[in-house]
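Use the sequences and the hints to build the structure in full.
One line per chain: the protein sequences are U and D, in this order. Position one of the first sequence corresponds to residue 582 (our numbering), numbered consecutively onward. Position one of the second sequence corresponds to residue 582 (our numbering), numbered consecutively onward.
It is possible that part of the hints are untrue.
Identical copies carry no separate label here, and so any pair may be met within one copy or between two of them.
With a cut-off of at most 20 Å between alpha-carbon atoms, the simulated EDC-like pairs for lysine to aspartate or glutamate come out as follows [what the hints assert, rightly or not]:
{"id": "1", "residue 1": "875", "residue 2": "859"}
{"id": "2", "residue 1": "927", "residue 2": "760"}
{"id": "3", "residue 1": "927", "residue 2": "726"}
{"id": "4", "residue 1": "927", "residue 2": "851"}
{"id": "5", "residue 1": "875", "residue 2": "919"}
{"id": "6", "residue 1": "884", "residue 2": "897"}
{"id": "7", "residue 1": "624", "residue 2": "642"}
{"id": "8", "residue 1": "875", "residue 2": "805"}
{"id": "9", "residue 1": "884", "residue 2": "848"}
Hints in this document: simulated from the structure, not taken from any laboratory.
Protein chains: 2
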Amino acid sequence: MERRYLILAPHTFATRAAKTAHGVIAYSRDVTVAVVDPENAGKCVRDVLPYLDSDAPIVADVAAGLVHKPTSLLIGIAPQGGGLPPEFRAEIRVAMRAGLEIVSGLHTIIGDDPELAELARTHDSRIWDLRLPPAAPLFSGAAYDIEARILLTVGSDCAVGKMTAALELTRAARDRAVDATFVPTGQTGIAIAGWGTAIDRVIADFAPGAAEQLVLEGERRARDLLVVEGQGGINHPAYAPVTLALLYGTAPDALVLVHVPSRTTIDGYDIPLLGYRELIGTYENLCAGVKPAKVAGIALNTKDLDEAAARAAIEDARQETGLPCDDVVRFGPHALYDAIAPQTQKSAVRHA
Amino acid sequence: MERRYLILAPHTFATRAAKTAHGVIAYSRDVTVAVVDPENAGKCVRDVLPYLDSDAPIVADVAAGLVHKPTSLLIGIAPQGGGLPPEFRAEIRVAMRAGLEIVSGLHTIIGDDPELAELARTHDSRIWDLRLPPAAPLFSGAAYDIEARILLTVGSDCAVGKMTAALELTRAARDRAVDATFVPTGQTGIAIAGWGTAIDRVIADFAPGAAEQLVLEGERRARDLLVVEGQGGINHPAYAPVTLALLYGTAPDALVLVHVPSRTTIDGYDIPLLGYRELIGTYENLCAGVKPAKVAGIALNTKDLDEAAARAAIEDARQETGLPCDDVVRFGPHALYDAIAPQTQKSAVRHA
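Encoded structure:
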């Protein structure tokens, strides 16, 4: 299905809370025809977020967006805890009555909401709950036999750009004629790629098994390289279990560390981010106990710095770690890809 | 409710697979009136597992167990993946038709099974699904303000005795007139204590939040000391995310490491256990990034060793780590408790 998205992000479009909106606009092959945000109505996306480079109009409400002929309403925000903001209901109702598909990555499963499910039936409107996971088996170890190389992005925190780094590195690999696929593990990645599982929504015991299923599916899609979208951060008090489920469940051969140099505390908590060496040591130490994998390079997200400051931050990271480092959005992914991926070798599980 | 348990563990009662049965017989205040295991029918529990010190009879099937007037049928096994073995259905039907309550810690929720739920309604039989979790919020940080000291058992693997160590240390604390409570985090602990949440059953994003709710509830039950039952092991490829959810979510002030000296590989996987120093380093390093906690002592489970070998293993662990070490079942929990708990101080979250 070719989608034409109307994206719902009222009062949040310009902020990090709307990261689902930003990811889909930047990377989905589906067109975004308009964004709902009364604060910026009358402008276009580029006026508010120049880096997104889109002239989609911003409108005041869903009703005003219908003239742009959307097929689907995308909930564009990823709030902490993932509940449905009550003020979104009226807008979702308008979209459903107009026959639009509802695409949501919230933890609140729209299809389980009695009122909205009934409305969908009445108006023949589809619901695509991106985060609704399939039943997953326990981790089996089958991932250890995958022949394609597996690269996992890991972060200093949530919402630093792990999905973006994985998408950009996949693009660079394809430009180098490598048969590569992006492996989506969260709601925005799923919306962009059209497949995947939101690992954070899986029952904890089965989260590594669900992650393993994704790389097994990835192997059916690409022969040479799987670039897995990471989640959370290893000292994030709420999301680290999901980080670890991906670290063990996807059996990576190498890691790419993603960080925002200006960020100093864990998003939403008064806990300091770990430094480069602590982060690299912690991730590599955990991998060493199961299947060894090293951090092969660092992808910095310098969106909020000017170019000189960005270059300085990249140089600092190189100096401190001795690893290749770049901003794969600002300067493109090819240099970082060329520095790390071809050198990545398959690694074996730590056998008894 | 005073329960009289008939425990279902056919062909597994003598093995580690029946750890739920063993835990309830050893630690529940509810009486076990009989165990179902055709392989050992005619014997009593003590004949098969002397350390359990119970003269409950072993019977061939549920029908034969009814003469002992049980109130409840407990599913006594904890299989990998937690599914309902198909051959258990007929026995559960017999129990339900006799009006028994069904107590199950499987991942398969008995109350969600159409046939068994219908049978329960027809025969006025209750179902207690130990693993069915309450809705949990995101981790909030409220656990950082708990005034009681928090001790968490962590392991080298799953099924090494973390629950038992936590129960024994709680008993020792109470013997020392400390207002202490055991905090149950898994199905057997819940059956024993009558409250708690199976963290492994919670949606991954909310697992630390569910763990936090448990220590907040623990603080309402005991003023001085919360002894939290750990889960899994930090290099267990399937269960480590649950381990980490407890490590961050319960905000411990100190850890007690639990290990079976004769165990060399992760249960069900060909991955070597980490050594004492690697384990201690990995757990302490993870805590250091959020809220520092040290391993204060080691509880060895030497059930499968003779006494001389047990004493040697304990001495080896003391030598290698410099920490207090004991087998809290074989030699009682008081010596280890006295060596670690009174020295445990509250620690603070790593603030920015």
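Hints versus structure:
1. Proximity of residue 875 and residue 859 under a CA criterion of 20 Å is satisfied in both settings, with 13 Å inside one chain copy and 18 Å between copies.
2. Proximity of residue 927 and residue 760 under a CA criterion of 20 Å is satisfied intra-copy only: 16 Å inside one chain copy versus 53 Å between copies.
3. For the identical chains of this complex, residue 927 and residue 726 are intra-copy neighbours only, at 10 Å inside a copy versus 45 Å across copies, given an alpha-carbon limit of 20 Å.
4. Only between protomers do residue 927 and residue 851 lie at most 20 Å apart by alpha-carbon distance; the minimum there is 18 Å, versus 38 Å within a single protomer.
5. In this assembly of identical chains, residue 875 and residue 919 lie within 20 Å of each other by CA distance solely inside one copy; the values are 17 Å within and 42 Å between copies.
6. In this homomeric assembly, residue 884 and residue 897 come within 20 Å of each other (Cα to Cα) only inside a single copy, at 17 Å, whereas the closest approach across copies is 53 Å.
7. Within a single copy, residue 624 and residue 642 get their C-alpha atoms as close as 14 Å, which meets the 20 Å cut-off; across copies the closest is 74 Å, which misses it.
8. Within a single copy, residue 875 and residue 805 get their C-alpha atoms as close as 19 Å, which meets the 20 Å cut-off; across copies the closest is 43 Å, which misses it.
9. When the C-alpha separation of residue 884 and residue 848 is checked against a cutoff of 20 Å, the pair qualifies only within one copy, where the shortest distance is 17 Å, while the shortest distance between copies is 45 Å.
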